[in-house]
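For the record, the sequence lines run as chains A and B.
Take the first sequence: its letter number 29 is residue 376 in this note's numbering, and every next letter is one higher.
Take the second sequence: its letter number 12 is residue 359 in this note's numbering, and every next letter is one higher.
One thing to keep in mind: the hints can contain errors.
Remember, identical chains collapse to one label, so a pair may be satisfied in a single copy or spanning two.
As the list claims (entries may be wrong) - Taking lysine to aspartate or glutamate pairs in the DMTMM-like style, the calculated list, with each CA pair at most 25 Å apart, reads: (1) Lys-435 with Glu-542; (2) Lys-599 with Glu-510; (3) Lys-349 with Glu-378; (4) Lys-596 with Glu-411; (5) Lys-435 with Asp-548; (6) Lys-599 with Asp-588; (7) Lys-596 with Asp-536; (8) Lys-349 with Asp-482; (9) Lys-603 with Glu-576; (10) Lys-560 with Asp-436; (11) Lys-497 with Glu-522; (12) Lys-603 with Asp-568; (13) Lys-599 with Asp-568; (14) Lys-435 with Glu-545; (15) Lys-435 with Glu-525; (16) Lys-435 with Glu-501.
In case anyone wonders, no lab produced these hints; they're calculated from the structure.
2 protein chains.
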Amino acid sequence: MKRPLILVTNDDGITAPGIRALVSVARQIGEVVVVAPDSPQSGMGHAITINSPIRLHPNHTALEGVEAYECSGTPVDCVKLAKHVILKDRVPDICLSGINHGSNASINIIYSGTLSAAMEASLEGIPSIGFSLLDYAYDANFEHCLPFVKQLTEYVLEHGLAEGSLLNVNIPAVEHNEINGMRVCRQADARWVEEFTEAEDPRGQKYYWLTGKFVNEDLGDDTDIWALENNYISVVPSMHDLTNYQALKVLKGIEKL
Amino acid sequence: MKRPLILVTNDDGITAPGIRALVSVARQIGEVVVVAPDSPQSGMGHAITINSPIRLHPNHTALEGVEAYECSGTPVDCVKLAKHVILKDRVPDICLSGINHGSNASINIIYSGTLSAAMEASLEGIPSIGFSLLDYAYDANFEHCLPFVKQLTEYVLEHGLAEGSLLNVNIPAVEHNEINGMRVCRQADARWVEEFTEAEDPRGQKYYWLTGKFVNEDLGDDTDIWALENNYISVVPSMHDLTNYQALKVLKGIEKL
Numbered sequence: 348m349k350r351p352l353i354l355v356t357n358d359d360g361i362t363a364p365g366i367r368a369l370v371s372v373a374r375q376i377g378e379v380v381v382v383a384p385d386s387p388q389s390g391m392g393h394a395i396t397i398n399s400p401i402r403l404h405p406n407h408t409a410l411e412g413v414e415a416y417e418c419s420g421t422p423v424d425c426v427k428l429a430k431h432v433i434l435k436d437r438v439p440d441i442c443l444s445g446i447n448h449g450s451n452a453s454i455n456i457i458y459s460g461t462l463s464a465a466m467e468a469s470l471e472g473i474p475s476i477g478f479s480l481l482d483y484a485y486d487a488n489f490e491h492c493l494p495f496v497k498q499l500t501e502y503v504l505e506h507g508l509a510e511g512s513l514l515n516v517n518i519p520a521v522e523h524n525e526i527n528g529m530r531v532c533r534q535a536d537a538r539w540v541e542e543f544t545e546a547e548d549p550r551g552q553k554y555y556w557l558t559g560k561f562v563n564e565d566l567g568d569d570t571d572i573w574a575l576e577n578n579y580i581s582v583v584p585s586m587h588d589l590t591n592y593q594a595l596k597v598l599k600g601i602e603k604l
Numbered sequence: 348m349k350r351p352l353i354l355v356t357n358d359d360g361i362t363a364p365g366i367r368a369l370v371s372v373a374r375q376i377g378e379v380v381v382v383a384p385d386s387p388q389s390g391m392g393h394a395i396t397i398n399s400p401i402r403l404h405p406n407h408t409a410l411e412g413v414e415a416y417e418c419s420g421t422p423v424d425c426v427k428l429a430k431h432v433i434l435k436d437r438v439p440d441i442c443l444s445g446i447n448h449g450s451n452a453s454i455n456i457i458y459s460g461t462l463s464a465a466m467e468a469s470l471e472g473i474p475s476i477g478f479s480l481l482d483y484a485y486d487a488n489f490e491h492c493l494p495f496v497k498q499l500t501e502y503v504l505e506h507g508l509a510e511g512s513l514l515n516v517n518i519p520a521v522e523h524n525e526i527n528g529m530r531v532c533r534q535a536d537a538r539w540v541e542e543f544t545e546a547e548d549p550r551g552q553k554y555y556w557l558t559g560k561f562v563n564e565d566l567g568d569d570t571d572i573w574a575l576e577n578n579y580i581s582v583v584p585s586m587h588d589l590t591n592y593q594a595l596k597v598l599k600g601i602e603k604l
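Just need the whole structure built from these sequences, with the hints factored in.
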C-alpha cells in the first residue's frame with residue numbers, strides 16, 4: 348500500500364518543539380511535508396497575507412528526515428502555499444497542525460492559527476486535525492500526546508471525516524497514565540474576559556498590551572472544557588459553516604421590512 | 348427615550364469611505380463611538396495582537412461629530428479595546444462593522460476582519476451587524492446602502508438577536524431601484540481557489556503574492572450568493588459555535604479506540 352502524504356503545519360513556528368513532536372509521529376505513518384511559519388504566529392486566527400508579498404524557503408534541516416519549508420506568512424498562508432506552490436498535484440491525504448503549545452479548546456478555536464490552518468486544509472477538501480497541549484511552556488512535555496496523535500491520525504486516514512470537517516483535539520498536560528481516554532464533544536460556550544495592561548514606552552508614549560482571563564459558564568458535561576477538566580482528551584468535530592440555522596428561521600420576518 | 352449607544356468599527360481603516368457612510372447612518376439613530384484600525388486590516392480574520400503592544404489614540408476629527416479612536420491593532424483588537432479601555436461601564440446597545448469595501452459573503456466571513464470584529468462584539472454579548480458592499484473600489488458608491496443599513500440597525504435595536512449571534516449583511520453594487528429586497532439566508536458553501544503570483548524583488552529574491560478565484564458550486568437558492576446574484580441584500584445570521592453536531596454523533600466511536 349502507498350504510504351499516505353501528510354502535510355504538517357503549526358502556528359508556533361517551524362522551530363517549536365510541538366511541531367517536532369508531531370513530525371516524529373507523522374513520519375511513522377507516511378511521507379511528510381512540512382510548511383510552517385518562520386516565526387511564531389499565535390493568535391493570528393484565519394488571517395491571510397494579501398497586502399504584502401510572502402517569502403517561502405526550503406529548510407530541510409529544520410526537522411529530521413522530512414521535506415520542510417518555512418514561510419513568512421500566517422498559518423493559513425502556509426496551507427495555501429503548500430497546496431498551490433509546493434505540492435501542486437500531490438494531494439495530501441491528511442493535514443496535521445500543531446502540536447500547539449497551549450489550549451485551543453472552546454472559543455480559542457477562532458483565535459488560533461493552528462486551528463485556522465487545519466480549517467483551511469479542510470476547505471481544500473483535505474481531512475485535517477489540529478492538536479494542542481494544555482501547556483504554554485516552550486519546553487512542554489509532549490511525550491504522552493504521541494500515542495493519541497498516532498491513533499487519531501490513523502483513524503482519520505482510515506475512515507475520513509465528513510466533508511468540510513476538521514477535528515479540534517486538545518490534550519491535558521498530565522502524565523500518560525492519568526489520561527482517562529478520549530471524549531467526542533461540543534465546543535464549550537466559554538470566552539475570554541479581557542484586560543489591558545497600560546504602560547509607557549521609553550519615549551513616554553502610552554501603549555496597551557492584551558491580557559485576559561478565560562471564563563467558562565457553560566456547565567454541560569458534553570463540552571471540551573468538561574472533558575479536559577476531567578483528564579479526557581477532547582475531540583471536537585468542527586466546521587466552517589457559521590450559519591445560525593435556528594436564528595435564520597426567527598429572522599425570516601426581516602424580508603418583509 | 349435614551350438614545351442607543353452604537354459602537355462602530357471596520358477593517359478598511361478609520362479613513363475609509365465605507366466607515367464614513369456607516370457613521371452617517373449611525374449618527375441618525377444614536378450616540379456613536381468609533382474605534383477603528385489606523386491602517387487597512389483586510390483579511391486579518393479573527394487575529395489578535397498578543398506578542399506586541401497596541402497603540403490607541405483619540406482622533407475625534409476623523410469622522411464628523413463623533414467620538415473616534417484609531418488603533419494600531421486588528422479589528423478584533425479594536426472591539427476589545429473599545430469595550431475594556433474606552434467604554435468600560437458604558438455598554439453598547441449594538442456594534443456595527445463596515446461598510447466593507449468588497450464582499451464578505453459565504454466563506455469570506457472567516458477571512459474578514461470586518462465580520463470578525465462583529466463576531467467579537469457578539470462574544471461580548473453585544474448584538475452586532477457586519478455590512479459589506481460588493482465593490483472593492485476605494486471610491487465605491489455607498490448611497491443605496493444607507494436606507495437598508497438604517498432599517499436593519501433599527502430592527503436589531505428593537506428586537507435584539509439570539510445570544511451570541513451576529514448578522515452578516517452583503518449588499519449588491521447596483522442602483523437603489525434595482526435592489527429586490529432582503530433575503531435571510533445561509534452561508535453558501537463556496538471557497539477560494541488560490542493561485543500565487545511568483546516574482547523577484549529588486550535584490551533578486553523570490554516572493555509570492557496571494558491571488559485567487561472565488562468558486563461557488565453550491566447551487567441552493569437559499570444561500571447568500573444566490574441572493575446577491577439576484578440583486579437581493581443577503582442577511583446571514585452567524586455564530587461562533589463551530590461544532591459540527593452531525594459529525595459529532597458519527598464520531599462517537601472514537602471514544603472506544
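ask   = Given identical chains, is Lys-435 near Asp-548, meaning Cα to Cα at most 25 Å, within a copy, between copies, both, or neither?
value = between (46 Å within a copy, 23 Å between copies)
query = Can you tell me if Lys-435 and Glu-545 fall within 25 Å by alpha carbon in one copy, between copies, both or neither?
reply = between (47 Å within a copy, 14 Å between copies)
message = At most 25 Å between alpha carbons: which applies to Lys-349 and Asp-482, within, between, both or neither?
response = neither (36 Å within a copy, 47 Å between copies)
ask   = Between Lys-435 and Glu-525, at a C-alpha cutoff of 25 Å, which is it: within one copy, between copies, both, or neither?
value = neither (43 Å within a copy, 42 Å between copies)
ask   = At most 25 Å between C-alpha atoms: does Lys-560 with Asp-436 qualify within a copy, between copies, both, or neither?
value = Result: close only across copies, 18 Å inter versus 44 Å intra.
inquiry  = Cα distance capped at 25 Å. Does Lys-596 pair with Asp-536 within a copy, between copies, both, or neither?
reply    = For Lys-596 and Asp-536, the Cα distance is within 25 Å both inside one copy (22 Å) and across copies (19 Å).
ask   = Given identical chains, is Lys-435 near Glu-501, meaning Cα to Cα at most 25 Å, within a copy, between copies, both, or neither?
value = This pair counts as within: shortest intra-copy Cα distance 24 Å, inter-copy 49 Å.
ask   = Quick one: Lys-599 to Asp-588, C-alpha cut-off 25 Å, is that within a copy, between copies, both, or neither?
value = Answer is both: 19 Å inside a copy and 21 Å across each meet the 25 Å cutoff.
ask   = With identical chains treated as interchangeable, where does the CA-CA distance between Lys-603 and Asp-568 reach 25 Å or less: within a copy, between copies, both, or neither?
value = between (41 Å within a copy, 18 Å between copies)
request  = Evaluate Lys-603 and Glu-576 at a C-alpha cut-off of 25 Å and name the case that applies: within, between, both or neither.
outcome  = Result: close only across copies, 20 Å inter versus 47 Å intra.
inquiry  = Please sort Lys-349 with Glu-378 into within, between, both or neither, judging by C-alpha distance up to 25 Å.
reply    = within (10 Å within a copy, 64 Å between copies)
task = Can you give me the call for Lys-596 and Glu-411, within, between, both or neither, at a CA distance of at most 25 Å?
result = So Lys-596 and Glu-411 fail the 25 Å test inside a copy (53 Å) and across (38 Å) alike.
When the structure is compared with the earlier hints, violations turn up for hints 4, 8 and 15 and for no others.
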